[in-house]
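Q: Using the sequences plus the hints, can you model the full thing?
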Amino acid sequence: MAHPSVAVLERHMLLYRRLWKASVFSFFALPYLFLVSIGAGVGGYVGEVDGFAYLDWIAPGILASTVYQIAVNESTYGVYTDFEWVGGIHTMRGTRVSIRDMVAGWILYVLVMVVMAVAAFLTIAWLFGTLHSPWVWTVPLVCALLAIGAAGPTMAFAASIRNDGYFELLIRFVVIPTTLFAGVFFPVEELPQGFRQLAYASPLWHGVELVRAASLGTSTAWPVLVHIGYLLLVAAAGWICAEAAFRRRLDS
101 MAHPSVAVLE RHMLLYRRLW KASVFSFFAL PYLFLVSIGA GVGGYVGEVD GFAYLDWIAP
161 GILASTVYQI AVNESTYGVY TDFEWVGGIH TMRGTRVSIR DMVAGWILYV LVMVVMAVAA
221 FLTIAWLFGT LHSPWVWTVP LVCALLAIGA AGPTMAFAAS IRNDGYFELL IRFVVIPTTL
281 FAGVFFPVEE LPQGFRQLAY ASPLWHGVEL VRAASLGTST AWPVLVHIGY LLLVAAAGWI
341 CAEAAFRRRL DS
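Going by this note's numbering, the final residue of the sequence shown carries number 352, and the count climbs one at a time with no gaps.
Careful: at least some of the hints might be erroneous.
Said to hold, decoys possible - Ranges of calculated distance between the beta carbons of each label pair, as one might list FRET restraints:
id: 1; residue 1: V324; residue 2: G265; range: 37 to 43 Å
id: 2; residue 1: G151; residue 2: W226; range: 18 to 24 Å
id: 3; residue 1: P323; residue 2: R118; range: 31 to 37 Å
Don't read these hints as lab results, they were simulated from the structure. Ideal Cβ placement from N, Cα and C applies to all residues, glycine included.
A: Below is the structure:
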């Protein structure tokens with residue numbers, strides 16, 4: 101038998117084989133539409149930001165926000181249905197798959213989805229000529245770290261609720277505000293001081309800063325190691341919270 105975490109990943113990939121067509125649009129068409137409509141369209145009115153064309157400046161932010169949203173989306177209904185309706189996680193509990201393996205396997209699945217999305221986005225961004233740094237090879241690593249930081253807390257939330265209506269609150273009051281005010285579409289420095297502090301607390305802002313620096317060859321707002329350290333801290337905390345939530349739900 102494969103390592104239990106890999107076995108969990110294989111199970112999710114088998115399920116994904118029935119749903120992969122639905123992700124083609126989000127992986128390939130959405131990045132293109134975003135870059136054309138917002139980057140090129142709105143960029144014609146905005147002009148330059150920090151010395152770069154708006155299309156070039158916004159592309160890394162859109163990539164980071166896409167990764168963030170994929171990680172959240174893949175960690176909501178999938179986890180909830182496995183607990184509440186399908187019972188897949190309860191079935192795993194009866195095997196030698198541990199709770200840590202369940203969480204690790206799910207995060208591995210999220211990372212597979214993210215890697216595919218990042219590869220597609222970078223290809224489109226390269227065709228648009230928005231990549232200006234040899235450090236672009238680090239973008240998938242940053243995106244993987246951001247994805248773990250977003251997936252862990254979301255998995256913990258999904259494992260803790262008994263009504264999927266709470267996901268609407270998560271999207272409306274966490275995901276959308278985070279996406280709007282994390283430096284994706286405009287510099288965080290333009291926000292009022294109070295809102296700026298909230299942006300700094302978001303892992304997405306740190307991901308945007310690192311992806312933008314790696315794509316454009318610019319410096320980050322804070323030292324690179326601070327951004328990476330914050331994402332590592334969020335990822336570790338989210339993973340621990342996810343394991344605790346899974347254990348609490350399975351033992352209840």
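Q: All hints are to be evaluated individually against the structure, with a verdict given for each.
A: Results for each hint:
{"no.": "1", "hint": "V324 <-> G265: 37 to 43 Å", "verdict": "holds (40 Å)"}
{"no.": "2", "hint": "G151 <-> W226: 18 to 24 Å", "verdict": "holds (20 Å)"}
{"no.": "3", "hint": "P323 <-> R118: 31 to 37 Å", "verdict": "violated (45 Å)"}
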